[in-house]
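For the sequence shown, my numbering begins at 1443 and goes up steadily by one.
The hints are simulated quantities; they were obtained by calculation from the structure and are not laboratory data. The hints are all genuine.
Result set (DSSO-like, lysine-lysine): computed pairs, CA atoms no more than 30 angstroms apart in a straight line: (1) K1733 - K1717; (2) K1723 - K1872; (3) K1855 - K1872; (4) K1723 - K1913; (5) K1913 - K1872; (6) K1830 - K1717; (7) K1733 - K1723; (8) K1830 - K1872; (9) K1717 - K1855; (10) K1855 - K1733; (11) K1913 - K1717; (12) K1855 - K1830; (13) K1865 - K1830; (14) K1733 - K1913; (15) K1865 - K1723; (16) K1872 - K1558; (17) K1913 - K1830; (18) K1855 - K1558; (19) K1723 - K1830.
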Amino acid sequence: MTIRFKTSAATALIVAALSGGVAHADMDAARDALSRNDYSSAVEQLDAVLAKSPNNAEARFLKGLALARSGDTAAALDTFNALVSDNPEMAEAWNNLGVLRARNNDLEGAQSALEKAVEINPQHGPAQENLGDIYVAMAQGAYARAGELESDNAIARAKSQQLAEFIGGGMSAGSASASKPTPPAVPNVTARRNAPVDIDTSSPQSTLQSWAAVWSAQDVDGYLSMYSPDFVPDDGMSRSAWAAQRRERVSGPARIDVTLSNTQIDHRGEQALVKFNQRYKSDTYQDSERKALLMQETADGWQILREGDPDAIQFTVSADAAQSESVDSQRVSEAPPRDGAPSADDSSPEPASNTPSQNAGAEPASAPAQMQAESQSQARQAVEQALKDWADAWAAQDVRRYLNAYSDNYQPKDGTSLTAWAKSRDRAVKGPAWIRVEISDIQVSLLGDDRAQASFNQHYKSNTYEDRERKRVTLVREDGGWRIVRES
1443 MTIRFKTSAA TALIVAALSG GVAHADMDAA RDALSRNDYS SAVEQLDAVL AKSPNNAEAR
1503 FLKGLALARS GDTAAALDTF NALVSDNPEM AEAWNNLGVL RARNNDLEGA QSALEKAVEI
1563 NPQHGPAQEN LGDIYVAMAQ GAYARAGELE SDNAIARAKS QQLAEFIGGG MSAGSASASK
1623 PTPPAVPNVT ARRNAPVDID TSSPQSTLQS WAAVWSAQDV DGYLSMYSPD FVPDDGMSRS
1683 AWAAQRRERV SGPARIDVTL SNTQIDHRGE QALVKFNQRY KSDTYQDSER KALLMQETAD
1743 GWQILREGDP DAIQFTVSAD AAQSESVDSQ RVSEAPPRDG APSADDSSPE PASNTPSQNA
1803 GAEPASAPAQ MQAESQSQAR QAVEQALKDW ADAWAAQDVR RYLNAYSDNY QPKDGTSLTA
1863 WAKSRDRAVK GPAWIRVEIS DIQVSLLGDD RAQASFNQHY KSNTYEDRER KRVTLVREDG
1923 GWRIVRES
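Make a model of the complete structure from these sequences and hints.
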């Protein structure tokens, strides 16, 4: 019986804990070796890091990953057992420990580790799926044993066979051992990799989506075809050297997943400047960043001219008529007006007025608009301050103040109840030895008098985990302040 378990890839764990350029170089070399499946070199580089920083959680995590993939399950188990002992709140390490225990036919030990991962982070998808697979495997084994103990129990044998076929992808029950389940296998992704993807370059938006799709499919030729012959790498490399590097990095990992959000497109002549949040995840690395692509329209469609940080990528044509669209914000602009608010389609003439302000010139007439602008500015500042207070409470691990930043009508994004979510957040906020939360580039949109939407860059760091992401929240005005009602 084969179970397709999912290991956790290394996220941006404790990167700042590394000191000195040599350690960073060793870590980069280790990641590169992992992406090339050169596990012995990866372990060698990671040992060099650990010689200087024995408690570096990221290096220990990657070493366990390299050992597991090299087939040295015993050494990998020792590494992850020690890692979770020193970092008990690291869900990713518990997940991988569970997978390794399953490979050793220790299903109960695997269940215990995976349940711990889910307890720490209920939104850890791979751990949830792996735990489900463990339950299925244990059920299959129980049905098989029941069929052996009771020779006339055809129902138990049928259930065992059905589960064996479900788990093994069609493998017959005769090839599965009831008393000794086959260790779980690493997912076979070769069929998915390098699969050609339909590319649509008819618009900047379709070009962006196709670019992410070919990258995720590891279709190297399709990926490189998205770039113009005039593409200029932002790090000073030649285009040929850049292409060789990208070919290696796109084809190297066992799997890649690229997702995009919060897209904004600005047009100028035959160019488009596309800014977006990018979340990259492979079997060895994960990060989130704000990125920009400068695209050029050609006879064959849109192609990429520049790629890099949004602050560094600019149009290369002179400023003519420019227009912009924010893909994610279209939902806001299309929302119907609030009750009592004037509609854009309302063409009814306003009643005539003989007040003195009608003929007093533009300055008196602009006073209400100025007051409204000042009121909106104050509201935006209040929203920003509410978000900063929320981040401060999180960093201080002040659970009461942190939870008070959320509305009683808050809707958890994973569909759990508010009570269950609050308990989960209580553990997540109090668990680490220390937490730092920094938010920046706060963008606030007012959706009426009592509702606002904000997006910002969030940098979270604790003693066991670190990540960066672009976050978006919806807030409502309650009890004289602004509180979060939804986040994504």
